[in-house]
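Novice: Protein chains in written order, with my numbering: chain L, 1 to 139; chain V, 1 to 144.
It should be emphasised that the hints constitute simulated quantities derived from the structure, not laboratory data.
All C-beta atoms in this analysis are idealised placements derived from N, C-alpha and C, irrespective of residue type, glycine included.
Among the clues, some could well be false.
As the list claims (entries may be wrong) - Here are some chain L residues pointing at chain V (derived, C-beta under 7 Å):
1. 1
2. 4
3. 63
4. 65
5. 120
Claimed, not checked - Distance condition first, Cα-Cα at most 25 Å in a straight line; then the derived BS3-like pairs of lysine-lysine:
6. 131/L with 98/L
7. 130/V with 112/V
8. 112/V with 24/V
9. 45/V with 11/L
10. 24/V with 59/V
11. 99/V with 130/V
12. 50/V with 11/L
13. 20/L with 98/L
14. 99/V with 45/V
15. 20/L with 130/V
16. 35/V with 24/V
17. 103/V with 59/V
18. 20/L with 103/V
19. 103/V with 45/V
20. 45/V with 20/L
Listed below, chain by chain, are the residues.
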Amino acid sequence: MIIYSVYIINKAGGVIYHQKGEKSGKSNDYLRYGSIFHGLYTISSQLSPVPSPSGGNSSGIQLLQTDTFRLFAYQIPTGVKIYAITEPTANGIDAILKQVYVLYTDFVLKNPFYIIEQPIRCEQFDIALEKLINSTLSL
Amino acid sequence: MTIFNLFIYSRQGNCIYYEEWNRKNVSSNLDEEQKLMYGFLWQIKNFVQKSSPNPELEKTGFHFFRTNSYKLHFFETATNIKFVITSDPDAPDLRDLLKTIYKNTFVEYVIKNPLYTMGEPVRCELFVEKLQLEVRAHTSYKQK
């Protein structure tokens, strides 16, 4: 399956990382789309007709299906959201998002030069993420 | 599995029909909620269009999204009437149900009703009756 792009959004809604997959847009618009997604995520939780099965509020969008792609989102407890845009028939991306989270903690949070909530510029993270995404191509 | 609520929006963006079943979070202000839902859908449509990996394709339709407690299904007719239904997260894609509601119930009992003005709230007894039958008969309606 193909993962077109991966985004990481900080808890304030700013895009801190964007993995530009093939066929994704050219300009810097992705910064805006990431923030729009942050808003959609919050509103979808407010619009829930039922409380969460574990009590409390519903989570936000976890899976979004359209004609041309699927979007998988995963929010980690600190409020950082990771989401991936994949081909419309992709499955099991939840597990891959968790692996992205592992890479994020290993190569970004443990990097002493990284300032939290700031855009991610860590070469090791780029390399590891690219490797992870390429490994899903054959799935 | 079960179904929670249904919204129908006119092409001007007004909520012309609302119905709920088995809803647990009672809304404090239904009117505001309907407006929020419309704005939300508008934004989602926009977002989906822009995020599409093939922006050259003219139309990217949004089908459904899922959270940990509900699933929202969306269907828009060629005349921009929007049908939205929320259900249990395990329900299958309910666009077919929305399409049958549109085709067999909405067109038959609302559009063909001579006393109905386009864009006005739906107050057609037969429509409500048939809609209830249709939704309650659907396999996804049964309570867990």
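Novice: So, for every hint listed, does it hold in this structure?
Specialist: Do the hints match the structure? See the list:
1. Interface hint at residue 1/L: violated, since its Cβ lies 13 Å from the closest Cβ of chain V, which is beyond the 7 Å cut-off.
2. Annotation: interface hint on residue 4/L holds; nearest CB of chain V at approximately 4 Å, less than 7 Å.
3. Against a cut-off of 7 Å between C-beta atoms, the interface hint on residue 63/L holds, since the closest Cβ of chain V lies about 5 Å away.
4. Annotation: residue 65/L was flagged as interfacial toward chain V, and the flag holds, the nearest CB pair being 4 Å apart, inside 7 Å.
5. For residue 120/L, the interface hint is violated, since its Cβ never comes within 7 Å of a Cβ in chain V; the closest pair sits about 20 Å apart.
6. A hinted pair counts as satisfied when its Cα atoms are at most 25 Å apart, and residue 131/L with residue 98/L qualifies at roughly 15 Å.
7. A threshold of 25 Å between alpha carbons decides the hint, and for residue 130/V with residue 112/V the separation of about 14 Å falls inside it, so the pair holds.
8. Straight-line distance between C-alpha atoms of residue 112/V and residue 24/V comes to about 34 Å, which puts the hinted pair past the 25 Å bound.
9. Using a Cα cut-off of 25 Å, the hinted pair residue 45/V and residue 11/L holds, with the two alpha carbons roughly 23 Å apart.
10. Only pairs whose Cα atoms come within 25 Å are accepted, and residue 24/V paired with residue 59/V is rejected, the gap being roughly 35 Å.
11. Restraint check for residue 99/V and residue 130/V: the C-alpha separation of about 14 Å stays at or below 25 Å, so the hint holds.
12. Proposed proximity of residue 50/V and residue 11/L is supported: the alpha carbons are some 22 Å apart, at most 25 Å.
13. About 19 Å separates the Cα atoms of residue 20/L and residue 98/L, which keeps this hinted pair within 25 Å; it holds.
14. Straight-line distance between C-alpha atoms of residue 99/V and residue 45/V comes to about 19 Å, which keeps the hinted pair within the 25 Å bound.
15. Restraint check for residue 20/L and residue 130/V: not satisfied, since their Cα atoms lie roughly 49 Å apart, outside the 25 Å limit.
16. Using a Cα cut-off of 25 Å, the hinted pair residue 35/V and residue 24/V holds, with the two alpha carbons roughly 20 Å apart.
17. Note on residue 103/V and residue 59/V: the hinted pairing holds, with a Cα-Cα distance of about 22 Å set against a maximum of 25 Å.
18. Using a Cα cut-off of 25 Å, the hinted pair residue 20/L and residue 103/V is violated, with the two alpha carbons roughly 41 Å apart.
19. With a C-alpha separation of about 23 Å, the suggested pair residue 103/V and residue 45/V falls inside the 25 Å cut-off, and the hint holds.
20. In summary, the hint linking residue 45/V to residue 20/L is supported, as the alpha carbons are separated by about 22 Å, within the 25 Å threshold.
Violated hints, listed in ascending order, are 1, 5, 8, 10, 15 and 18; each of the other numbered hints is respected by the structure.
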